[in-house]
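Generate the whole structure from the sequences, applying the supplied hints.
Protein chains in written order, with our numbering: chain A, 31 to 825; chain B, 309 to 407.
Honestly, the hints are just simulated from the structure, not real lab data. Keep in mind the model is a prediction, meaning the values are calculated, not measured. We treat Cβ as the ideally placed atom computed from N, Cα and C, and that holds for glycine. Treat the hints with care, since some could be wrong.
[As the list claims (entries may be wrong)] Capping the alpha-carbon separation at 25 Å, the derived lysine to any residue pairs in SDA-like fashion look like this:
1) A:261 <-> A:85
2) A:32 <-> A:314
3) A:531 <-> B:396
4) B:380 <-> A:578
5) B:370 <-> A:573
6) A:448 <-> B:396
7) B:345 <-> A:573
8) A:440 <-> B:354
9) A:589 <-> B:311
10) A:440 <-> B:353
11) A:589 <-> B:319
12) B:345 <-> A:578
13) A:97 <-> A:66
14) A:448 <-> B:331
15) B:380 <-> A:454
16) B:345 <-> A:587
17) A:432 <-> A:625
18) A:440 <-> B:396
19) B:310 <-> A:448
20) B:370 <-> A:565
21) B:370 <-> A:562
[Stated by the list, open to error] Have a look at the derived ranges for each label pair, beta carbon to beta carbon:
22) A:436 <-> B:312: 26 to 36 Å
23) B:353 <-> A:599: 45 to 55 Å
24) A:660 <-> B:371: 32 to 42 Å
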Amino acid sequence: MKVVESGYKLDLHIHSVYSKGKDGDKVNFNTLANIGILVGKLNEQGVQLCAITDHDVFNYDMYAELKKYEQKNDSSIIKVFPGVEFSVEFQGDEGSSVVHVIAIFNDCSEEQCQKISGALLNEKGNIAYDRCMAFSEEKFLAILRQINLDTILIAHQKNSLTSKQERKSDANTVGESRFHEFIYTDYFEAYEFKNKKNEVFNKNYLTKTGMAESVRFITGSDCHDWRVYPKEIQEDTTEFIYTYIKCLPSFRGLVMAITDYRRIKTVNSFFNPSAIYLPYIQFAINGVETNIPLSRGLNVIIGDNSIGKSLLLHKLTGYSKKQSKQIKQSLVTSYDRYLRNNGVAIQTSLTENQILGFDMQGEVREKFEESKIKSDEFLRKFYPDPINPEPYRQIVQRELNKIFGYLEEKFALDEIEKSMGAFQIVDLDGFLAESLTFVGQPSRNNKTAQGLGEISSSVRTIIESVKTIEGNQWIEEFDVKTLQEVETVLEELAKKYDGKKSVVDGENAKISAFQSVMNDFKQRYSSNVSDSQKRVSSYNEEIERTIARVVELTLRRRKNLRPIIELEKKDIGIQTNRVFEYEFNSRLCVLTVDNEYIKSLFERVFKKGTNISHIDMTMEQLAESLLRFDGSPTEALQRLKEDIKELLDDDFKEKYTITQCGMDKTQELSAGFNARIYFDLLSYESDHYGIYLIDQPEDNISQKSIKEYLLNRFKVMGEKRQVIIVTHNPQFIVNLDVDNVIYIGKTNAGMVVQSGALEYTDTEYNVLDIISTHIDGGLDTLKRRWKRYEKNNRI
Amino acid sequence: MKRIIEFKISDDKYVFLENQKNVFEIRNDDLQVDVKKFYNAFFENNLDYSDIELHNSNPGDKIGGRVFGCIKQLIDEVSTRLMEDFQDQKCEDTVETIK
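Written out as C-alpha cells, the structure is:
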C-alpha cells in the first residue's frame, strides 16, 4: 500500500491482566488465553489499529499474540503496536503530580520490542518505580532512552480542558503553567479522552485559546474487561467514541497522523467515497508498463523544472486547454515530442465529466482580470443577473439632451448674431418712383417638422416597448389590459403629432412653392424696372430683412431657455448573490446618478482649470476647453457629445465584483484575495464531484497566505474530491500533509517515477527523503515533522 | 416697463441713449447700421420691448431725422412682430388647453 486510502479506527488503550499491579481484579479476565474474546470484540467494532498498553508493564507474549491477528481475513485488525501506559510523576506548578502517559513504540524491530519489558524492571525484577507507584520524569525518560525505539506519547486528559474539576492522572493536574509547557514543547503527541461529550468542550477550548493546531486529541477505551469492550468495566456508562486517523497503517503513518490534527477525526470522513476519482495513472517508460497509484484525496506531483509535471496534467486532461485556445498546437506538439524522445507513454486520459476544473499555471490570477471575471466557467454561475443600464442611462441622457439642445441652439444663434451684417441708411427723398418691395420672405420651418417627427417616432418606440412587456410570460392578465389602455393613449398621441407634422410639412411645401414663384417674379421684375426703382426696392428689402433677422433671433433666444438640471438622486442598486462568506455582485460602474454626476461628466472631458460653466460657453470657449481637441469650434459640440457618450459607455458598463460579506460592496478585493475566494469556493463546491487539477497554486500567493488559508482550503477540497497538484512549494506537501506524492525525475537510465504517502518507505526509496532532496526548503519543513520520529533521541 | 431712448447728435455720430448711457450709435460719415449692435442695444437678453419710446432731441437735423426715423421704424416693427408672436403663442397655448 503506497497511498493513503482511508481513515483507520484506532484504540491504543486496552489493558490486559498485566495491569493487575495497578488495577487489581478488574483485569483478571484479560489473559492470554482469552485474547480471542478481545479480538472478537475488536472485530465487532471494526477496530483496525490497536495496542495493549498495560500500567508500567510490557508483556511481549500478549503483544505478539494479538499481532497474530494482523491482516487476517476474518480480522478487522490491520496493525498492532507495542505500548505501555506509564505512571509518571511530573513536577507541576504546585508540587508533583502523577500523569498517565501512553507510549506507543515503533514495531520495526521485533528484537527491540522484546527488550521493552526489561527496560521497565529493576535488578530485582520489579517495576523500576522511583516514586510511589510511579516513575519520576527522569526515570521515565531514561527508560525510553533504554528502549531506544521511536516513540509516540499520549497523555491522559479524560476530563475536558474546560472542566473546573481536575481528574487524577490527567495531564492538566500539573497546573496551568506546566501544562502549557507540555503543549508548547510538543512533549506529548496527543492527549487522550474517552467521553464523547468532551470532544465538543475540548474543541471549544482549543479554538478559544488559539491552540487548535497545537493540541491533538484522540480517544482510548481504557478497557479493563475484554468481555465488555469497549466499556472500561461492566459498570461503565461513558459514551465512548472512537478516533479515526488517516495514514498508512504503519508506525510512521501513525506518527504522521497523530502529529497533525487534520488527520484525526471521530468520523471516518477523510475522503468522499462517492466522488469520481482516478485510482491510478497508467503509463509506460521504454515499453515497461506501470501504474502510479493515486489517493482519493490530495496528490502532488513534484520534480525538477521542465521534467514534464505540467505536461502530465495537460496529458491527463486530454489537452483540454487547446480546445479553449489557452494553449497552442505548438505546445502540444512539443509535449508529445518530449514524451516520445524520453520513451514515455501516458495512457490515462480523463473525460470532461471526470474533471471539475483544471487550472494551468497563472490561470487563477487571470480569472479575475476585468475581461475574464464573468466568463470563467466556474465563477460564472455565482453572479446574479446583470443590471439593465438603460433606464438609468436614459435619465442621464435626457438631462444631457437638454444641455446639448440648449448649446446647439445657442451656438446657432450666436452665429446668426455674428453674421447679421450692416446696411446703410439712405436718402430716398428723391426716389419716389413706384417700386415693389418684396417683404416678409417666408422660410420653411424644418426644425418644427423635425421636432414633431421625433415626438411621434419616440412615442411609437414606447408603444413597441409596451407591447414587449405585454408579451412577457410572467405578466398578469390585469396588467396586460392596463398596458393595452396605455398603448391606446400613446397611439392617439403619436397620431396627434403625426397630424401636426403633416400640417407643418404642408405649410413648408406651400412656402417652397411660393419662394419659387417669388424668386422667378423678382428676377423678371428686376430686369424690367429702372435703377431708382431697384434702389428703393433693395433698401426696403434690407430694412425688412433686418427686422426679420432681429425678430427671429429674439424669438429663438427667448425660446431657448437655459436648461435647469434637477436630477433627483438615484442610487443604482448592486445585485448580490451570497455564496458562503462572499458576495458576488453584479453592478454598473456608476452607482449613483444625480446633478453632481452630470456635472462630473463635463469636468471629465474638460481641461483642468476650466472655470467657465459649460452652459455659459461660446462655441470657441468649448473648443478651447475640450481635452485633446484641435478641431474647429463648429465641431466642438459634436466632439463634446462623443466624449460624453464614451464616458457613459464606460460608466454604464456592467461590472462584476466579489466582496466579502459585511464589507462595502463598492470596494473591490485585491488580486491576492481573489485567488483566496476562488480556492474557497472550490473547496465549498459540492454540486460536482469531478477531479480538480492545478499547476502551481502557490503562484502569486505569499507564503503567509499559503500557510494561513490556502493549505486549509486544499485540505477541505481533498476531503471532497480527488485533487492533483503540481507544486514546487514544500508547504503544499508537508504542511498540507498530502495523501500521495508523485516524484518525476530523470537519471542516466531515463525517466523515473516514484510515489507514495509521506510516510511511505520501501527498500528503494523513502518519500520524505525525496521531498527533502528535490523541493527547495523541503528539508527545513520536514525537519519540523521529523522530530517526531527522533523523540527517543531528543529526550 | 417703459423704456425711453433719447436720440442725440454728437460731432461725428448719432447716438441713442438709454438712462443716459450710450447704447447704440451710427457714425455720420457712413450711416452704417450694424444690425448686431442694434439687436444688442434694444432686444438682447430679454430686454423689454413692449413699450419703447424714442425721443428725437434734434428734430431739425435732416439727416439725423432720417437716421432717427429708420431706427424708430426698425424698433417699432420688430416690437410689433414680437408682440404679435407673443399673442399668437398665447392663443395656441389656450387652444391646446381647451383641446
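Given pair status - residue 587 (chain A), residue 345 (chain B), alpha carbons within 25 Å: 16 Å, holds
Pair hint residue 380 (chain B) and residue 578 (chain A), alpha-carbon separation not exceeding 25 Å: 15 Å, holds
Hinted pair residue 380 (chain B) and residue 454 (chain A), Cα distance within 25 Å: 15 Å, holds
Agreement of residue 531 (chain A) and residue 396 (chain B) with the hint, judged by alpha carbon distance not exceeding 25 Å: 19 Å, holds
Straight-line alpha-carbon gap residue 589 (chain A) to residue 319 (chain B), limit 25 Å: 40 Å, violated
Straight-line alpha-carbon gap residue 370 (chain B) to residue 562 (chain A), limit 25 Å: Holds, at about 21 Å.
Satisfaction of hint between residue 396 (chain B) and residue 448 (chain A), Cα-Cα up to 25 Å: Status violated; Cα separation ~28 Å.
Restraint status (C-alpha distance of residue 440 (chain A) to residue 354 (chain B) at most 25 Å): Roughly 14 Å between the alpha carbons, so the hint for residue 440 (chain A) and residue 354 (chain B) holds.
Range agreement (Cβ of residue 599 (chain A) with Cβ of residue 353 (chain B), hint 45 to 55 Å): 33 Å, violated
Given pair status - residue 85 (chain A), residue 261 (chain A), alpha carbons within 25 Å: Between residue 261 (chain A) and residue 85 (chain A) the Cα gap is close to 18 Å, so the pair holds against 25 Å.
Given pair status - residue 578 (chain A), residue 345 (chain B), alpha carbons within 25 Å: OK: residue 345 (chain B) and residue 578 (chain A) at ~15 Å, within 25 Å.
Pairwise hint evaluation, residue 396 (chain B) against residue 440 (chain A), where the allowed Cα distance is 25 Å at most: Satisfied, since the Cα-Cα distance of roughly 24 Å is no more than 25 Å.
Of the numbered hints stated above, those contradicted by the structure are hints 6, 11, 19, 23 and 24, listed in ascending order.
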